[in-house]
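Undergrad: Sequence:
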Amino acid sequence: MIVDVVFDLPLPHPFSYRVPPNLAVSPGQRVRAPLGSQTRVGLVVAAREGEERALKAIAEVIESGPIFSGTQLELTRWIAAESLSSWGSTASALLPPAPRAPAEAAPPPPDQAGRSAEQPELFTGGDRELRLLRRLQGEVETRHLLVVAPEIDQARAWADRLRATLRVSVVRLDSGMPDADRWKAWMALARGTAQGGVGTRGALLAPAAAPATLVLLDEHDPAHKPPGPPRIHSREIMRERARREGSTLYLTSATPSVESWWRAEEGEIRRAADSPSPWPSVSVVDARGMLRGEPLSPVLRDAMRETLAAGGRVLLLVTRVGSAMACGECGFVVRCPDCAIAMAFSRARQELACRLCRRRHAAPDACPNCRGRQLTPLGWGTERVEQVVRAQFRRWSVARHDADSRRGRGVASASGEGGARVVIGTRGALKAFVPRGPSLVGFITPDPLLNLPDLRAGERAFSFLWAAAERVAEGGRVVIQTQHPGHYAIRAMADQDLAAFYKPELRFRAELGYPPFRRLALVTVKSRTEGTAGGLAESLCRDFRALGGVTVYPPASVGRSPRALRWQIVLKGGKDLPARLAPALAPLAERGHGRRGMIEIEMDPIEFI
DNA sequence: AGCACGCCGACT
DNA sequence: GTCGGCGTGCTC
Numbered sequence: 104m105i106v107d108v109v110f111d112l113p114l115p116h117p118f119s120y121r122v123p124p125n126l127a128v129s130p131g132q133r134v135r136a137p138l139g140s141q142t143r144v145g146l147v148v149a150a151r152e153g154e155e156r157a158l159k160a161i162a163e164v165i166e167s168g169p170i171f172s173g174t175q176l177e178l179t180r181w182i183a184a185e186s187l188s189s190w191g192s193t194a195s196a197l198l199p200p201a202p203r204a205p206a207e208a209a210p211p212p213p214d215q216a217g218r219s220a221e222q223p224e225l226f227t228g229g230d231r232e233l234r235l236l237r238r239l240q241g242e243v244e245t246r247h248l249l250v251v252a253p254e255i256d257q258a259r260a261w262a263d264r265l266r267a268t269l270r271v272s273v274v275r276l277d278s279g280m281p282d283a284d285r286w287k288a289w290m291a292l293a294r295g296t297a298q299g300g301v302g303t304r305g306a307l308l309a310p311a312a313a314p315a316t317l318v319l320l321d322e323h324d325p326a327h328k329p330p331g332p333p334r335i336h337s338r339e340i341m342r343e344r345a346r347r348e349g350s351t352l353y354l355t356s357a358t359p360s361v362e363s364w365w366r367a368e369e370g371e372i373r374r375a376a377d378s379p380s381p382w383p384s385v386s387v388v389d390a391r392g393m394l395r396g397e398p399l400s401p402v403l404r405d406a407m408r409e410t411l412a413a414g415g416r417v418l419l420l421v422t423r424v425g426s427a428m429a430c431g432e433c434g435f436v437v438r439c440p441d442c443a444i445a446m447a448f449s450r451a452r453q454e455l456a457c458r459l460c461r462r463r464h465a466a467p468d469a470c471p472n473c474r475g476r477q478l479t480p481l482g483w484g485t486e487r488v489e490q491v492v493r494a495q496f497r498r499w500s501v502a503r504h505d506a507d508s509r510r511g512r513g514v515a516s517a518s519g520e521g522g523a524r525v526v527i528g529t530r531g532a533l534k535a536f537v538p539r540g541p542s543l544v545g546f547i548t549p550d551p552l553l554n555l556p557d558l559r560a561g562e563r564a565f566s567f568l569w570a571a572a573e574r575v576a577e578g579g580r581v582v583i584q585t586q587h588p589g590h591y592a593i594r595a596m597a598d599q600d601l602a603a604f605y606k607p608e609l610r611f612r613a614e615l616g617y618p619p620f621r622r623l624a625l626v627t628v629k630s631r632t633e634g635t636a637g638g639l640a641e642s643l644c645r646d647f648r649a650l651g652g653v654t655v656y657p658p659a660s661v662g663r664s665p666r667a668l669r670w671q672i673v674l675k676g677g678k679d680l681p682a683r684l685a686p687a688l689a690p691l692a693e694r695g696h697g698r699r700g701m702i703e704i705e706m707d708p709i710e711f712i
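This note's numbering runs 103 ahead of the 1-based position in the first sequence.
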């Protein structure tokens, strides 16, 4: 017998091996097989009869039987095709680490072909997790449960929470556990000795028996699409899984992705009813014309004094200097006239460029709107804000919480030993206030985020603003200093009104043909020699244009060094974009890189386009 | 991705 | 005269 095996390599095709008579091997099973000079772990994707004399033999099996059912194997193939990642790398990322010695495996749960899936349901609102738990309570008696969190910390917390509230046996499948434990957890779920599993991305295909209850926590979180194959959001994998096996999918999010909100409007997703939860009072301070060197407006300064005097704690949120150009006087931001995305300022070249269509021109020296002369990238560093705050609030303890101040250190003293009453930090600082949130959150200014040269700038800023408001202690307040006091992201947050954000945002996306209405792909060409990268990018563009139905933006050099070694091509198309691109990419992947240079492709990029 | 084979510079 | 740079090509 011959088996076709895929490996954790960026290779587009499987390798064939003969199966020695002493081994039993079938599709969905992991094996070790010789490849080149070494022996590697691979996944059997097909078995057939044929001429086997020229082939090398499978060395050994990893598990005694298949670890993926036929449906799961087929699903990994779909994921690979949809993300333009290799089948082997995709499968490898979605399986527990292989044990060193051959191990007795529990068979994967049987396929449930033909079951029609229920509509996924989206939980929003301040009590979304409680309402979800209540729902799960009624289901765990009869169904398997799989919960996927964006990060290990959340997976750990949810495992504890499920054990405590649902009183079911829940195993942890995330990489925060030792490899051997992860493998055992996987098998416990397959065997049915565990009723539920919690993990991160690597648990997406864990063997919860269909029809199962699948949960994706914080579905909008970009951590659901980390670097590395497969380049696809966990939400899409969960959705497809639920659809194929007839499982129920629950999504939670304070601020759903625009994609999910759109699907809810289209009736593809049901929105669980939510009720308003306590909300801080929000003051929006118009920062236009505010002195540039002064991070604290009188409104924020007074709010801080009041909060501190009343015994509360203050969190000042800083967003690092942006790359867009904004007018210090009127707040005008230079945007691409075609793409409506903020243009990125290059200090070295003193020019502005659109990350999408590559339009570029010299940076203006006066504001095109008000003729003001203070047209510069806008933003504050935590250190500078700290200096000012220390000088103005000498009586109070002040701490900084950001990547530089070493995660946790500033906070430990701030929350633990009754330390800092004023904390200056970036987004991560929100998590540091446990168990009680700060009484006052001041946004020095969210404008750099709002003006990011990124089509998702508004979505990101909104999510951050909302998360901060949710964290504020009851009866507390939020002060936002901004040059865009009327921006719908800010208004929607202030009014605790989700729809007030998504409605205009969807209109913007629709008008300009951005996701979720169209799909994007980002192709990166790397080469050590300048000519090849640019030349290869140009010739790739010709190939893509020849495909039809795909918008090909001009390639641009994105190398940071003066010598341009990286080029990027942005592509836009419909739902079938990966399928359309595959034929143009196949010849490149087939023979190494075909031409010299390396090609990477990311479907549905979520940053910096 | 590794790893091996294959042609041009600074060293014992 | 060699050791070694990584450019190119292959792995069932």
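Hints should not be assumed to be uniformly reliable.
Straight line, CA to CA, 20 Å or less: simulated EDC-like cross-link-like pairs of lysine to aspartate or glutamate [what the hints assert, rightly or not]:
no., residue 1, residue 2
1, Lys534, Glu232
2, Lys534, Glu185
3, Lys159, Glu232
4, Lys678, Glu369
5, Lys675, Glu185
6, Lys675, Asp441
Distance windows between CB atoms, simulated [stated by the list, open to error]:
no., residue 1, residue 2, range
7, Gly578, Arg270, 31 to 37 Å
8, Ala412, Pro538, 55 to 61 Å
9, Ala283, Pro607, 49 to 55 Å
10, Arg346, Ala412, 53 to 59 Å
11, Cys433, Arg610, 20 to 26 Å
12, Pro607, Arg391, 18 to 24 Å
13, Leu236, Cys473, 48 to 54 Å
14, Gly139, Arg610, 39 to 45 Å
15, Asp256, Arg648, 44 to 50 Å
16, Gly578, Ala494, 44 to 50 Å
17, Ala204, Leu112, 47 to 53 Å
18, Cys433, Gly241, 54 to 60 Å
19, Leu112, Pro686, 36 to 42 Å
20, Arg270, Ala494, 24 to 30 Å
Everything labelled a hint here was simulated from the structure, so no lab data went into it.
Since the structure is predicted, the reported quantities are computational estimates derived from the model, not experimental observations.
Positions of the beta carbon are idealized from the N, C-alpha and C atoms, including for glycine.
Undergrad: Which hint numbers does the structure go against, in order from smallest to largest?
TA: Of the numbered hints, 2, 3, 8, 14, 16, 17, 19, 20 do not hold.
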